[in-house]
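> Using the hints, position chain B against chain A.
What follows is the residue order along each chain.
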Amino acid sequence: MTKTREVESSTDDNEYAHNIDLDDRVFTVWVAGERFGIPVAHVHTVFMIDEITSVPLAHEAVIGLVNLRGRIVTAVSLRPRLGLAPVIMARPVAIGIEHRGEALALVVDAAGDVINIGNGSEIEAPRHIPPARAKLTASVFRMKDGLLSILNMDAVFDIHGEKIAA
Amino acid sequence: MDELLKDFLTETSDHIEAAGSQLVLFERNPADARLIAGLFRLIHTIKGTCGFLGLPRLSYLSHAAEAMITHLRDGGTPLPHHVNLVLAAIDRIKFIISELERTGSEPAGDDNDLIPLLSQESAAKANPPTGAGEAEDGLVNALTDGLDGLELGAPMPVTMVPVTTVEAAPRDEIRQETVRVSVHSLERMMTLVSELVLTRNQLLEIARHRDDEVINMPLQRLSGLTSDLQDSVMRARMQPVGRLFAGLPRLIRELSSELGKPLILQTYGAETEVDRQIIEMIRDPLTHLIRNSADHGIETPEARLAAKKTEAGTIRVSASHEAGQIIIEIFDDGRGLDVERISAKAVAMGLASEADIARMSSEDICRFIFAAGFSTARELTSVSGRGVGMDVVRENLEAIGGAVSLATTPGEGTRFYLKIPLTLAIAPALIVEVGGQRFALPQHSVVEAVGLQGTDEHEIEMVQGASLLRLREAVIPVADLQLLLGLDKHQKECKMSGLVVVMRLRQFTFGLRVDNVADVQEVVVKPLGATVGPIPLYSGNTILGDGAVVLILNPLEIAGRLGFENSNEFRVFAREGKFEIPATTTRMIVFRAGDGPLKALPLSVISRVENIQTDQISLSEGRLVMPFQKRLMPLVAVDDSQDPRATQHCPILVIAVGGEPMGLLITAICDIVEIHLDIEIGGGRGGILGMAQIAGEAVEVLDAAYFMNMARPHAFARGQVKRFHILLVDDKPFFLDMLGPVLSVAGYQVTTASSAAKALEYFEHGGAFELIVTDIDMPEMDGYAFAKVVRADPRWSCPPILALAAYSGPTVQQAARASGMSGAVGKFDRQGLLKAVAELLDQAMISKQTIEKDVISGMAA
Chain A
2 MTKTREVESS
12 TDDNEYAHNI
22 DLDDRVFTVW
32 VAGERFGIPV
42 AHVHTVFMID
52 EITSVPLAHE
62 AVIGLVNLRG
72 RIVTAVSLRP
82 RLGLAPVIMA
92 RPVAIGIEHR
102 GEALALVVDA
112 AGDVINIGNG
122 SEIEAPRHIP
132 PARAKLTASV
142 FRMKDGLLSI
152 LNMDAVFDIH
162 GEKIAA
Chain B
132 MDELLKDFLT
142 ETSDHIEAAG
152 SQLVLFERNP
162 ADARLIAGLF
172 RLIHTIKGTC
182 GFLGLPRLSY
192 LSHAAEAMIT
202 HLRDGGTPLP
212 HHVNLVLAAI
222 DRIKFIISEL
232 ERTGSEPAGD
242 DNDLIPLLSQ
252 ESAAKANPPT
262 GAGEAEDGLV
272 NALTDGLDGL
282 ELGAPMPVTM
292 VPVTTVEAAP
302 RDEIRQETVR
312 VSVHSLERMM
322 TLVSELVLTR
332 NQLLEIARHR
342 DDEVINMPLQ
352 RLSGLTSDLQ
362 DSVMRARMQP
372 VGRLFAGLPR
382 LIRELSSELG
392 KPLILQTYGA
402 ETEVDRQIIE
412 MIRDPLTHLI
422 RNSADHGIET
432 PEARLAAKKT
442 EAGTIRVSAS
452 HEAGQIIIEI
462 FDDGRGLDVE
472 RISAKAVAMG
482 LASEADIARM
492 SSEDICRFIF
502 AAGFSTAREL
512 TSVSGRGVGM
522 DVVRENLEAI
532 GGAVSLATTP
542 GEGTRFYLKI
552 PLTLAIAPAL
562 IVEVGGQRFA
572 LPQHSVVEAV
582 GLQGTDEHEI
592 EMVQGASLLR
602 LREAVIPVAD
612 LQLLLGLDKH
622 QKECKMSGLV
632 VVMRLRQFTF
642 GLRVDNVADV
652 QEVVVKPLGA
662 TVGPIPLYSG
672 NTILGDGAVV
682 LILNPLEIAG
692 RLGFENSNEF
702 RVFAREGKFE
712 IPATTTRMIV
722 FRAGDGPLKA
732 LPLSVISRVE
742 NIQTDQISLS
752 EGRLVMPFQK
762 RLMPLVAVDD
772 SQDPRATQHC
782 PILVIAVGGE
792 PMGLLITAIC
802 DIVEIHLDIE
812 IGGGRGGILG
822 MAQIAGEAVE
832 VLDAAYFMNM
842 ARPHAFARGQ
852 VKRFHILLVD
862 DKPFFLDMLG
872 PVLSVAGYQV
882 TTASSAAKAL
892 EYFEHGGAFE
902 LIVTDIDMPE
912 MDGYAFAKVV
922 RADPRWSCPP
932 ILALAAYSGP
942 TVQQAARASG
952 MSGAVGKFDR
962 QGLLKAVAEL
972 LDQAMISKQT
982 IEKDVISGMA
992 A
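Chain order of the listed sequences is A and B.
Following our numbering, the numbering of the first sequence begins with 2 at its first residue and continues without gaps.
Following our numbering, the numbering of the second sequence begins with 132 at its first residue and continues without gaps.
Bound conformation, chain A alone (with noise of 0.2 Å):
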């Protein structure tokens, strides 16, 4: 079983880099102090969470169901994603993203801009970030104000196939 496991990881990380968004302009998000990267040909819409429907016996990171114009949009939590404990806000800020044909809200702490990662030099990953974070990291970037991890969408959305695997 755990073999198994290793191999269908491991493959999963080559199919991610990829999958690797090669516009250069990304939008930031801020979860715990810290800045991500969305590529933003991902990026639909920004907008507050009024209402939440909860999904009893989901993936803790699925923070519920979302009525966004009409549409049922399924919200996720960055925190959780990153290994973060949950932090209930009352009108969570929420990135609309098109996944896979699926309408989905990435939930932040806040919303950045939209920056040229052109303008910085891509790094190599640091090699000790922990496993669950490195397989949400596409990139990193060096920028002038500081250092900026590209999220890879696939892996952040990618809940269900982890848990199969875990």
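It cannot be assumed that every hint is accurate.
[What the hints assert, rightly or not] Here are some, though not all, of the chain B residues that point toward chain A, as calculated from beta-carbon distances under 8 Å:
#: 1; residue: 322
#: 2; residue: 657
#: 3; residue: 663
#: 4; residue: 680
[Claimed, not checked] If you want the footprint, here are the derived chain B segments under chain A, 3+ residues with CB under 8 Å:
#: 5; segment: 325-332
#: 6; segment: 612-622
Think of the hints as simulated: they come from the structure by calculation, not from any bench.
These numbers were taken from a predicted model, which means no experiment stands behind them.
The C-beta atom is built at its ideal place from N, Cα and C for all residues, glycine as well.
Frame of chain A, contents of chain B only:
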């Protein structure tokens, strides 16, 4: 994928479905050149387009098939062997196309198993009269010879015919103008409409608090239009079941040769429309039932001839709409089900005891064939013994809220009825509340809801950690929704408060405890997003009228959690009734009056029950009277033959008619029950509304109005509580008898007329009605014309008119309004009828009052 290729694929996969059937029809009827010509054009188009698009494998194959078809078209006798070859080629084309759709390129491999056979046969069998045929054959041979040498994308050595110039779909019927719309755009429209509905609801909510006429009028209109729009978009997603029937001729052909039985297929109602999603879901059950009919139902030709039947067995498949559902009937004129063998098997399998069987009707016994693992065939044949049984058919249908039932006559045949909802996209659902959160529960599995507090005597009992509910004679397992969902981490066992929603699924009855039932709503079912994950307890999600998102619960899984999943237990239940909202129950007093069945009256009409001394009763002018509260009270015996003075004491039911009491003489009071009153059989005799089932017994429900009228005609006519007078017009006695009592039980006075002419006659003689309910479809004068006549005649006070239609779709509604009617309801929709009647009468009364108000205020000013 290339746009051109995409168009080609959708176009082709549509037509290839029908191709096999066309060929089979041609085989049976070689004189009909149109059938083969259609197939020829289809294959020819595929061939041409393939060359153009660079699909070599498909083009060789279609070319070889075309040669064969050319041969058949030009007068070659369709030998079964040839037809098989072409069918195989069609299958291969289908396969290649589906691979193309999936991957965008042709699958690896070749068709050398088929092509030489196809071309050999067409070459060998070709009667050489037509030059064209020869040329084609020559080409095929050339092709086959040089097959290996050809490269991918090599230009085809045939004339290319562009797809646009060839009519690929020859149809007998006149072609309607159509546009191909992607399912995606339809879904988008559906989403927009749902959004519109939400906005409309918000507006209505705002308007309700304002009470502003200026806004209300257009808002009402907007509201109606929105509903119609929603309906139209729903309809746009519908497809004729003909799509499902298209594959049947071929299936029958296969079965016929496999089983060595000549079979005739008849299909009816191919134009009946149903949601496209449903079509896919009933394909397998339908196929299985047909296989079953052909295999087990239809006898061997020898046996048929011996039984003086035609040699060929008939299998008839018909589809029709009925009360918002689609009914598919599969009939075979075979030997019928063997009730004795089914009984024996049921006993052997331990499904029922000999004693049980003895008490069961043969119809109920036949239902055992839907039990898991039940098969009456002594030896499994390759046709129907393929690991799927009737139980799977039943399960598949029930999973989508449908049902299957059957009727059989020994020696004459068997009929299976499939009842299927029109759509899965919109379903009525119970909105339940637990732990402060709302969930939707599909109504198709809900039987009733019982309270756990207050006057209700229902209580959850714990047995070895399992919670059970005692419900009348049955004990049913109960799951606590709050516990299932893990909403409260500290909760360990089932709560004892709230409500239990009783559900029946397959053969299982079970309960689900919730805190509250908030509402019943039609919900637009949407699948759960993939990211939410596979949580079997939910079957989807939806947006409610107030904009909130709720999860839709999956009754199958709930049953599974209660341990029903792997159970092989099967009990035969009476056919299920339709679920009614729990609030509509009526308290009935059940009593005995003379001989005959028990009688019942709604408790609300009885003001008190007295036990009187019979010597108080005296007879005056043929009427029984007695002193009551210092006055004389008339008495009426429910049963005329009953002589009240035969006993010393006698119970009476006192009914107050317009403030004056009357007594109803009965023999004994049996019980007071709270039931949902559903009169199943209309009564013919005066004073009896009809028969209803109360606690499993057939009970006569009495018409209180009849007795009141008898005892106190004047008080009754004066009627302090006004009884509205409804004229019910329908040419079919069945509906008069069915709907008349429904209306009278609801407290209306009903006069029936069996035609529009009869109804007009009532008016001519000064009949006054507060409301007319009329059938639309009547001979001589239909409902629309009748409404126009009533509206046009100034002598009549113009009561509101309600149309009765088999189905009250938007077109019917529109036509009804155009003829001056106030609306339309479905004939089988009793609740809808009562609701519409009450609303119309309310409106009529209110508008009268408004007139009075206006007059008064005008005078004051």
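> Give a verdict on every hint.
Hint-by-hint comparison with the structure:
| no. | hint | in the structure |
| --- | --- | --- |
| 1 | 322 | holds (6 Å) |
| 2 | 657 | holds (6 Å) |
| 3 | 663 | holds (5 Å) |
| 4 | 680 | holds (4 Å) |
| 5 | 325-332 | holds (count 3) |
| 6 | 612-622 | holds (count 3) |
Every hint from the earlier list agrees with this structure, and none is contradicted.
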